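Protein chains: 2
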Amino acid sequence: MQELSLGQFGLVYNMLSLATAAMFGSFIFFILGRSQVSFRFRPALVMSALVVGIAGYHYWRIFNSWDGAYEINAAGTAYVATGKPFNDAYRYVDWLLTVPLLVAELIAVMTLPKGKSGPMMGKLIIASALMIALGYPGEVTNDMTTALVWGTLSSIPFAYILYVLWGELSKATAGESPEVNVLFRNTKLLLIGTWGFYPITYLLGIESLGLVSGADALVSLQVGYSIADIAAKCGYGLMIYAIAKARMEAAGESADPAFAKAA
Amino acid sequence: MQELSLGQFGLVYNMLSLATAAMFGSFIFFILGRSQVSFRFRPALVMSALVVGIAGYHYWRIFNSWDGAYEINAAGTAYVATGKPFNDAYRYVDWLLTVPLLVAELIAVMTLPKGKSGPMMGKLIIASALMIALGYPGEVTNDMTTALVWGTLSSIPFAYILYVLWGELSKATAGESPEVNVLFRNTKLLLIGTWGFYPITYLLGIESLGLVSGADALVSLQVGYSIADIAAKCGYGLMIYAIAKARMEAAGESADPAFAKAA
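Sequence order for the protein chains is C and D.
Numbering-wise, the numbering used here puts 85 at position 85 of the first sequence, and it's gapless, one number per residue.
Plus 263 on top of the position in the second sequence (first one is 1) and you've got the numbering used here.
If we strip away everything but chain C, and leave its shape as in the complex, we get (with noise of 0.2 Å):
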């Protein structure tokens, strides 16, 4: 493992932090936020909290590890691998429990009628995990041509589930009001832009396409991968909180007790 300089080192070390506390302060914000929304929007906002609370877990651990993987040279003035290897598979640990998840969340706040849910969530969280565990062999070769053909494989799954995605979308929105449609339109723009972020952070990472090198690679991926998580899942999870209560509004439901008015 290469040396890293004392501003790389602690890039990684601050973004790894950021994103442990944003996670789990999402994860607090959609616990609470679960009484804000009528009923039939609550599995959504316990889908956003499962995501970002098991993320919290895997940030808390990948801190934990990069911390452990380097230590400061004797001068003070790099940082030098310790020998314990820095752990990326929590990453994909984490992607195959929180993407099928992220999934869902946006199914669920459609609130399809029974009967549909049901499959297409199945189908579509067959089709995740696929995506996430035909990356993984990609993202740990150091040789190029696998990678690559792993990584397109991986979006197979992944271009299946945009079109069932934006297909359901659209039908789903038909009859909302103006601002439901242009906030699923703001959902759908989200989740192109951060998962087409994985993409290209992934490509970023393959040394030997030479985009950038060394220690560069090592610290792009992971402040990459890091602001893509965040935009994805508490962002995301933001969003779909916006649409529930958008879609309440334009129902004429409350959430205040004293006023419940069914869905």
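Hints in this document: simulated from the structure, not taken from any laboratory.
Here the structure is a predicted model, which means the values were calculated and not measured.
Ideal Cβ positions, reconstructed from N, Cα and C, are used throughout, including at glycine.
Hints should not be assumed to be uniformly reliable.
What the hints assert, rightly or not - Sample of chain C residues facing chain D (criterion: CB under 8 Å; computed from the structure):
| hint | residue |
| --- | --- |
| 1 | F39 |
| 2 | P43 |
| 3 | L50 |
| 4 | K116 |
Given chain C's structure and the hints, the job is docking chain D onto it.
Then chain D, alone, in the frame of chain C:
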């Protein structure tokens, strides 16, 4: 204790972390899920939460024990024993507490008539504690005959539990909707599938049987038990939740405080 390759150590390490995240994630889900089901199904959700909460604690400990039992060698090419033994007894302590609760969970979601649940839980809790206690001497021995004898003894209460549960389940589901029947059948299959996995992993772990040997035996035992635990605790709890939801629907019950209907 044998030497482990980087991949072997890392596989167990990440499986243990995955199981920890899955258990704590499910814990939050079952705690929050209580308010999504009507009153009579809440005890089942409480038991689901206890199971995965207790298991999450144990996986946290097993993870730390695994991390402390090995260290990377100076060349960074393999993991060698530190001399601190890896404590496998955590799993049995966990099962001693959680397996009776898993049985109780299933009985709770059947909502049997009063006076029937109690004695049945009593019998099955004793049988499941016996099953775990009888398996343990076989797990820790290095002698194949001893392992097979205790393994066989442990199977007797296991068969008894299945016999009692099957009889009760077929009576309980007699008047239920087809959907609820399918869910109960799937839960039965999951229970056989996951509980059947433990004896297989147990056999794989008996080195002298020669099915797998040395470090492979250790690694497959840990990976196998982790996967089985995730399915038997988180997956099973989700099935119980689905049964509660389906039975609520069939009975026209709602958990929405604004429209709660008596069970």
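(message) Flag every earlier hint the structure violates by its number, smallest first.
(response) As far as the earlier hints go, only 4 is violated by this structure.
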